[in-house]
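**Student:** Chains as they are written, first to last, in the working numbering: chain A, 1 to 177; chain B, 178 to 344.
Worth flagging that the hints you see were computed from the coordinates, not collected in a lab. Check before you lean on any hint, since a few could be wrong.
To be verified - One-sided excerpt, in silico: chain A residues whose CB lies under 7 Å from chain B:
(1) F15
(2) K45
(3) L47
(4) K77
(5) Y90
(6) A92
For each residue, glycine too, the CB sits at the ideal point set by N, CA and C.
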Amino acid sequence: MTTLKNLVFNLLKLFHSVIDENLQWQTANQDQQVKLKHARVLAAKMLEAELKRRSVQLEHEITLLRTKNDTELAMFKTRCKQDIRDYKQYLASLDQLKRSIQESYKHMPEAVAFTIHHHAKHLLNQMWEAKDVEQKMHYEIQLIEFMTTVNEEARLHPEGATAEKLPERTLSLIQHK
Amino acid sequence: MFASLAVFMSVDLLLQLAMPGLPGLMTQLGLAALLSAFALLLITGLAVIIKRIIASCFDYFSARQRLQRRLWFIQAQQDRLKRLFYFRTLQINYFNEMKRKRLLIANNRQHIHSLSKAIDKDLQSIKQQLSKATYQQLLRENVQYRKQQDVESLLRLQQKLATIVSK
């Protein structure tokens, strides 16, 4: 019975000593705890302020982005419209090219005129569909060369400078494409 | 719980010592202590859970979390705008390309038509040299190729006619 009593007393003592130590630790570290609490609150406030600042900044960026996108889209649309207009003009000038070569070479079969026109259109499409600038330039030069040759032959033939029945230089350009 | 365990052990001891009456009372006491301990454990657990839920609610509606959510929303909006711009560009490009293709098809049709007309004219001029069946056949081919917009075949047909004329 005495042993049990002692055991209980020892347990109580241990319990009290733990509480005592805890209290002592609390007292000793009270300042630091208060400081920690303050620091935590301060950090939370700072984080809130930072988040607020970033939100405002992002909202501003969004407004700018929206304006920029609208402007760029409008510009892109205009450029596309201009592209279509240019393409139309190109087609019209190729039609004109065909007409002029037909007028110069009166006896030229329609199939030859068609082939010349078709080739020019093929070059035009290659130029239009080329992805990089270098290729585009290459096809553009080819097209210009071709158109110049056709125009030259169309101009020279009625003047009697060439005796051929067909625009041979143009046809050789098509053959050597 | 430990107290009830001690009580139960003492009940066992008393039973071994063959003391009447007391063990029954002690068992009741032990049971009550055990049930109380379980009830206390349950209540504590529930209290902890409720406390956690309330703390989570407060945290969810705290200024920091609200601001964080707002920031995420704005970032998502920005991403959406960027994607929208990209897809709008694609759309404009697509419609532009379609327009160009339509122009090209119209132009092709016009020139194929004039080629076919020229073939027709050639056919008329050599009608006498051809048998009726051949003439009809060539005429049909011309119409068919024109309908199919088949440039290669039309050119071949024209060449065929040119060969007939040269003979």
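**Student:** Determine for every hint whether it applies to the structure shown.
**Tutor:** Here is how each hint holds up against the structure:
1. F15: 13 Å, violated
2. K45: With Cβ-Cβ at 9 Å, over 7 Å, it is violated.
3. L47: At about 6 Å, which falls below the 7 Å cut-off, the nearest Cβ of chain B leaves the hint on L47 of chain A intact, so it holds.
4. K77: 6 Å, holds
5. Y90: 10 Å, violated
6. A92: 9 Å, violated
Consistency with the previously given hints fails for numbers 1, 2, 5 and 6, ordered from lowest to highest.
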